[in-house]
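Peer 1: Quick note: to get the working numbering, add 4 to the position in the sequence shown (first position is 1).
All the pointers check out, no bait thrown in.
Straight-line distance between alpha carbons at most 25 Å, and here's what the computed SDA-like set of lysine to any residue pairs gives:
1) 74 / 35
2) 107 / 28
3) 23 / 115
4) 23 / 121
5) 7 / 100
6) 103 / 33
7) 107 / 81
For each label pair, taking beta carbons as the anchor points, the in silico distance ranges come out as:
8) 17 / 48: 18 to 24 Å
9) 70 / 124: 17 to 23 Å
10) 113 / 31: 18 to 24 Å
11) 113 / 71: 31 to 37 Å
12) 113 / 7: 18 to 24 Å
Derived by calculation from the structure, the hints in this document are not laboratory data. Each residue gets a CB set at the ideal place from its N, CA and C atoms; glycine is no exception.
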Amino acid sequence: MAKILLIGTEQAAIENVTKMLVDSGFDVATELSAKDGLDRIGDEFFPCCVVNLPREEGLWFLIKVRALHKVAASSTPILVLADERSDDLSEYVESGATKAIRKPEVSSEKLVAELRRIMNIPRMGLVN
5 MAKILLIGTE
15 QAAIENVTKM
25 LVDSGFDVAT
35 ELSAKDGLDR
45 IGDEFFPCCV
55 VNLPREEGLW
65 FLIKVRALHK
75 VAASSTPILV
85 LADERSDDLS
95 EYVESGATKA
105 IRKPEVSSEK
115 LVAELRRIMN
125 IPRMGLVN
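Hey, can you work out the whole structure from these sequences and the hints?
Peer 2: Right, dumping it as structure tokens:
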């Protein structure tokens, strides 16, 4: 399936999300800071990016990636996993995220469903 860029600062959280994605058939590349993620997405094509960063760093990343002069990077679908329950998810979307969901509410199934939705990948299955 598609290659996903996963950006986050917490190693345990990155490992958990990476496992969820790999188990669902995605190929995952990871970066441990917004700066490294910005450099990577500017240099390499990814059909989607998942951001699991603290609020300020995540908003900085969104604004910077949307300002890139590379169309492939600036139009990449971005799913934000927000940690804080008090965060206004619309703030992420207004800063450039395609979708934002609260991390405590994320199951493997929900994460994959959201990625399929923003990447426009239909659910494959048998037709009876």
